[in-house]
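**Q** Read off the chains here:
Protein chains: 2
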Amino acid sequence: MEVHIGPGLPTPSGTPSGKEGKEPELREVARACLEAALRAVEPGRLVSDHLAASPLPQVTGGLYLVGVGKAAEAMAEGAQRVLGDLIRGGVLILPPASAPSGPPQPQEDPPFPVLLDTLQGLHAFRGGHPIPDAGSVEGSQAVLELASQCSHEDLLLCLISGGGSALMTLPPRGVSLEAVQQTTDLLLQSGATIQELNCVRKHLDRLKGGRLARAGAPAQVVALVLSDVVGDPPEVIASGPVSPDPTTFADAISVLEARDVWEAVPSSVQRHLLRGKEGMEEESPKEGDPGLGRVDWRLVGNNGMAVDAAREAAEALGFHTRILSTRLTGEAREVGRVLAAAGQEMRRSGEPVPLPGCLLAAGETTVSVVGSGRGGRNQELALGAALALEGEEGILVASLGTDGVDGPTNAAGAVVDGSTLSRARKRGLDPRDALARNDSHPLFASLGDLLLTGPTGTNVMDLHLVLVRGPGEGGE
Amino acid sequence: MEVHIGPGLPTPSGTPSGKEGKEPELREVARACLEAALRAVEPGRLVSDHLAASPLPQVTGGLYLVGVGKAAEAMAEGAQRVLGDLIRGGVLILPPASAPSGPPQPQEDPPFPVLLDTLQGLHAFRGGHPIPDAGSVEGSQAVLELASQCSHEDLLLCLISGGGSALMTLPPRGVSLEAVQQTTDLLLQSGATIQELNCVRKHLDRLKGGRLARAGAPAQVVALVLSDVVGDPPEVIASGPVSPDPTTFADAISVLEARDVWEAVPSSVQRHLLRGKEGMEEESPKEGDPGLGRVDWRLVGNNGMAVDAAREAAEALGFHTRILSTRLTGEAREVGRVLAAAGQEMRRSGEPVPLPGCLLAAGETTVSVVGSGRGGRNQELALGAALALEGEEGILVASLGTDGVDGPTNAAGAVVDGSTLSRARKRGLDPRDALARNDSHPLFASLGDLLLTGPTGTNVMDLHLVLVRGPGEGGE
Chain Z
1084 MEVHIGPGLP
1094 TPSGTPSGKE
1104 GKEPELREVA
1114 RACLEAALRA
1124 VEPGRLVSDH
1134 LAASPLPQVT
1144 GGLYLVGVGK
1154 AAEAMAEGAQ
1164 RVLGDLIRGG
1174 VLILPPASAP
1184 SGPPQPQEDP
1194 PFPVLLDTLQ
1204 GLHAFRGGHP
1214 IPDAGSVEGS
1224 QAVLELASQC
1234 SHEDLLLCLI
1244 SGGGSALMTL
1254 PPRGVSLEAV
1264 QQTTDLLLQS
1274 GATIQELNCV
1284 RKHLDRLKGG
1294 RLARAGAPAQ
1304 VVALVLSDVV
1314 GDPPEVIASG
1324 PVSPDPTTFA
1334 DAISVLEARD
1344 VWEAVPSSVQ
1354 RHLLRGKEGM
1364 EEESPKEGDP
1374 GLGRVDWRLV
1384 GNNGMAVDAA
1394 REAAEALGFH
1404 TRILSTRLTG
1414 EAREVGRVLA
1424 AAGQEMRRSG
1434 EPVPLPGCLL
1444 AAGETTVSVV
1454 GSGRGGRNQE
1464 LALGAALALE
1474 GEEGILVASL
1484 GTDGVDGPTN
1494 AAGAVVDGST
1504 LSRARKRGLD
1514 PRDALARNDS
1524 HPLFASLGDL
1534 LLTGPTGTNV
1544 MDLHLVLVRG
1554 PGEGGE
Chain Y
1084 MEVHIGPGLP
1094 TPSGTPSGKE
1104 GKEPELREVA
1114 RACLEAALRA
1124 VEPGRLVSDH
1134 LAASPLPQVT
1144 GGLYLVGVGK
1154 AAEAMAEGAQ
1164 RVLGDLIRGG
1174 VLILPPASAP
1184 SGPPQPQEDP
1194 PFPVLLDTLQ
1204 GLHAFRGGHP
1214 IPDAGSVEGS
1224 QAVLELASQC
1234 SHEDLLLCLI
1244 SGGGSALMTL
1254 PPRGVSLEAV
1264 QQTTDLLLQS
1274 GATIQELNCV
1284 RKHLDRLKGG
1294 RLARAGAPAQ
1304 VVALVLSDVV
1314 GDPPEVIASG
1324 PVSPDPTTFA
1334 DAISVLEARD
1344 VWEAVPSSVQ
1354 RHLLRGKEGM
1364 EEESPKEGDP
1374 GLGRVDWRLV
1384 GNNGMAVDAA
1394 REAAEALGFH
1404 TRILSTRLTG
1414 EAREVGRVLA
1424 AAGQEMRRSG
1434 EPVPLPGCLL
1444 AAGETTVSVV
1454 GSGRGGRNQE
1464 LALGAALALE
1474 GEEGILVASL
1484 GTDGVDGPTN
1494 AAGAVVDGST
1504 LSRARKRGLD
1514 PRDALARNDS
1524 HPLFASLGDL
1534 LLTGPTGTNV
1544 MDLHLVLVRG
1554 PGEGGE
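If you're matching them up, the sequences are chains Z and Y in order.
Take the working numbering: the last position of the first sequence gets the number 1559, and nothing is skipped along the way.
Take the working numbering: the last position of the second sequence gets the number 1559, and nothing is skipped along the way.
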């Protein structure tokens, strides 16, 4: 997997421009670290390595596969490499062809459902993301049928990755997809937290919140999970289809009431939740519920693995390293300022990392969009850092979305240093104004400071590096 | 200097409640670290220690003293302890009696000008802060007269601390104090940066921007400076009265034009700046300008000293330590989230600090006020951290304003941990709502989690601690 720094998409030749010796050294270090990080979370390899090291339990029946999420295709390929013909069949729900929310691509109008050549024998559907669509429902129906047919002697291998909440959506009887979408929209507009949203979604679905595991019982269920959520919580990733759900129908009603949208949701939703509260609909399985069956939940990849690989690469290049956190959240530009402040401290005092030093961080920031510009959270984080780094020598901050797609742009992120602002101004660009308008992308494109990978097929959120030269080493 | 944790002002007995064994251990560690930090930046001791270690140059004439800023009184006392009768006279400009912007106090209507008993022979004025007033001007006039009378054989000792920009304000002839205030207000409303504001202020004043040093020449000038600005820039602290000014009259006009307020500022201001641009008013002295005279600028205190003292205290209590940055800036609640994320990482992986660990940070955050609640940047930072720490065990975040006054409250800051949110909810408080309304103070007052010091007489901005127990140690 290659990371390219430049003004646009990687050149077809794939020659990283840095190897021509035109770029400052810190950029090459950043590129090497980020490439190592992406290699470490390649979903196919994560799955095949895991299965090779920790084989599946032997069963006397059949092995069936369910794959859902943005990395479903790569994870399934990894499983096939190890398991081959042992897989008797399965269902995949993949993101839309142009996913994940990347630049516009030639529309292919994919056949529906799609049977992929590379995954012979597996039924592959394309669902909607971030808004579930008819493909999500059709694929989910196929998943439910497959799981329900499994017997005690079978093994159901679930490959779960980010995006699964939307891609695998199956409203209960009597509730339409539109009613679920409307409820979700109302909650989002009301400022509901992701916890509140998930509580409601898990009670308007036949697979979320442990219900897929219940459908699969009494088969043995093994879940291999690539986490795109801070802290890797099983009940949150892809809405926890094989994990106990700590929330109830009553909780879901309370959330809608607390957010003042109970009166506004479709009556079919009200009816379903009220029936559930009265015990007339099946509650999601709780911790210890025997109905959950035998579930073996295994994390095969997360942002910590990406950070560890980046760290090893930095150390191999002679940098001292330290991890600030793998759980960073917050407003992107503000996180960028904090990382810049850490870089300034490193340069002056060798804290928190001795020089030459690399401070690593990972997580998922957010952007409060107020302007109409183009950018993404990684580019905005980088621009926030650039404003704080003006004129500083020997400090570089890089921010990369591991899925390769940062916001609605063709870039994965950006790199900044003490020269970013002056170079931008020389081109007639106003960095403060660009940040105020959420318009980081054109600025970095003009400077040639974008991080470009193309869609990577993985997603373990974002990665940030602060690289600082030794005190005796020259500036940029 | 004592730090108290509780619901209101320290009890008259001064007995820290922690010594009664009622509080969790991490709170005691935080209290000890913060007390050590405040002791390390007590302005009187900083000045007397500095003068004892680095005596002033011998002069054949007289030694005169100018003290301006929030710490002027304490710094002058420190100078008097070492220099005693050597000081022939001087002028102090102190903050208002109820300063720094603390809770309402009985109005004393101080005599004007005030001659303080404790500082015999020094003329002490009270200026306005944050808005300069007639006292600022009268005191500044006295400072200018004193400096102008110094001869080549004299030494002018300047004690400079935060707040000096407002406390020492002396508009040029033909420009009224009101015209300066109006110009400042217009710039602030236009979103001008502190750099832009300072550029204009330095060209509407007879002491700022190195002009005090020029007035003092040919005397030897020694400045002892307590920094309240991130990075300790001489030209920014108190508007740099004895430091070369990199900006010009033309820059000041450009700022007003760029911020679209040139047409709105009083005509007296326009006239003065235009005359200055045409060389008809004296430009502020630049780097290398012989008119600046002999200036020996010495930093006697900054937030790094406070952090180092806190670090020593933490290490004495068995904690591993590391400094994230002494240059933290950004939106307070977001910085709090980042610190919480670092604490979570420490608890799980011993990064960025091995356990038991203390991550230290310092700087000055900001609060974008959108609600009408009561709070300050330290309390808001703490509440931001609390939201991220819900349910976590063994992690504490403390945030303290070293001046002892956090926003318009009687507290210096607050401490939070994984129990803060649940304890607040048990009292019927809504932490998210409190943060949305910038109303952190009532919440922490109700919980008894305020940091209380009373006004400390010093100001090196804010201090933040993240304390994390060892993995084997119990929760709160």
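In case anyone wonders, no lab produced these hints; they're calculated from the structure.
Mixed in with the good hints there might be a few duds.
Any copy, or any two copies together, can satisfy a pair, since identical chains are not distinguished.
[Said to hold, decoys possible] Dumping the calculated SDA-like pairs for lysine to any residue here, alpha-carbon to alpha-carbon at most 25 Å:
1) K1509 / I1277
2) K1360 / L1166
3) K1509 / A1333
4) K1369 / G1511
5) K1509 / S1432
6) K1360 / I1277
7) K1509 / P1090
8) K1369 / E1473
9) K1509 / E1340
10) K1360 / L1139
11) K1360 / P1213
12) K1509 / I1170
13) K1369 / R1164
14) K1509 / G1257
15) K1369 / A1115
16) K1360 / N1493
**Q** Decide, hint by hint, whether the structure agrees.
**A** Tested hints:
1. For a Cα distance limit of 25 Å, the shortest separation of K1509 from I1277 across copies, 23 Å, qualifies, whereas the shortest one inside one copy, 42 Å, does not.
2. Taking CA atoms no more than 25 Å apart as the test, K1360 paired with L1166 passes in neither setting, with 43 Å inside one copy and 80 Å between copies.
3. Taking the shortest Cα distances, K1509 and A1333 sit within 25 Å of each other only across copies (20 Å), while inside one copy they are farther apart (59 Å).
4. For the homomeric pair K1369 and G1511, neither the shortest alpha-carbon distance inside one copy (59 Å) nor that between copies (28 Å) is at most 25 Å.
5. Within a single copy, K1509 and S1432 get their C-alpha atoms no closer than 32 Å, and across copies no closer than 44 Å, so neither meets the 25 Å cut-off.
6. Proximity of K1360 and I1277 under a CA criterion of 25 Å is satisfied intra-copy only: 22 Å inside one chain copy versus 57 Å between copies.
7. For a Cα distance limit of 25 Å, the shortest separation of K1509 from P1090 inside one copy, 16 Å, qualifies, whereas the shortest one across copies, 54 Å, does not.
8. Taking the shortest Cα distances, K1369 and E1473 sit within 25 Å of each other only across copies (22 Å), while inside one copy they are farther apart (53 Å).
9. When the C-alpha separation of K1509 and E1340 is checked against a cutoff of 25 Å, the pair qualifies only between copies, where the shortest distance is 20 Å, while the shortest distance within a copy is 54 Å.
10. Within a single copy, K1360 and L1139 get their C-alpha atoms no closer than 38 Å, and across copies no closer than 80 Å, so neither meets the 25 Å cut-off.
11. For a Cα distance limit of 25 Å, the shortest separation of K1360 from P1213 qualifies neither inside one copy, at 29 Å, nor across copies, at 58 Å.
12. With identical chains, the CA atoms of K1509 and I1170 are never at most 25 Å apart, being 59 Å at best within one copy and 52 Å at best between copies.
13. For a Cα distance limit of 25 Å, the shortest separation of K1369 from R1164 qualifies neither inside one copy, at 35 Å, nor across copies, at 71 Å.
14. In this assembly of identical chains, the alpha carbons of K1509 and G1257 never lie at most 25 Å apart, being 61 Å within a copy and 39 Å across copies at closest.
15. Taking the shortest Cα distances, K1369 and A1115 never come within 25 Å of each other, neither inside one copy (44 Å) nor across copies (44 Å).
16. Proximity of K1360 and N1493 under a CA criterion of 25 Å is satisfied in neither setting, with 46 Å inside one chain copy and 47 Å between copies.
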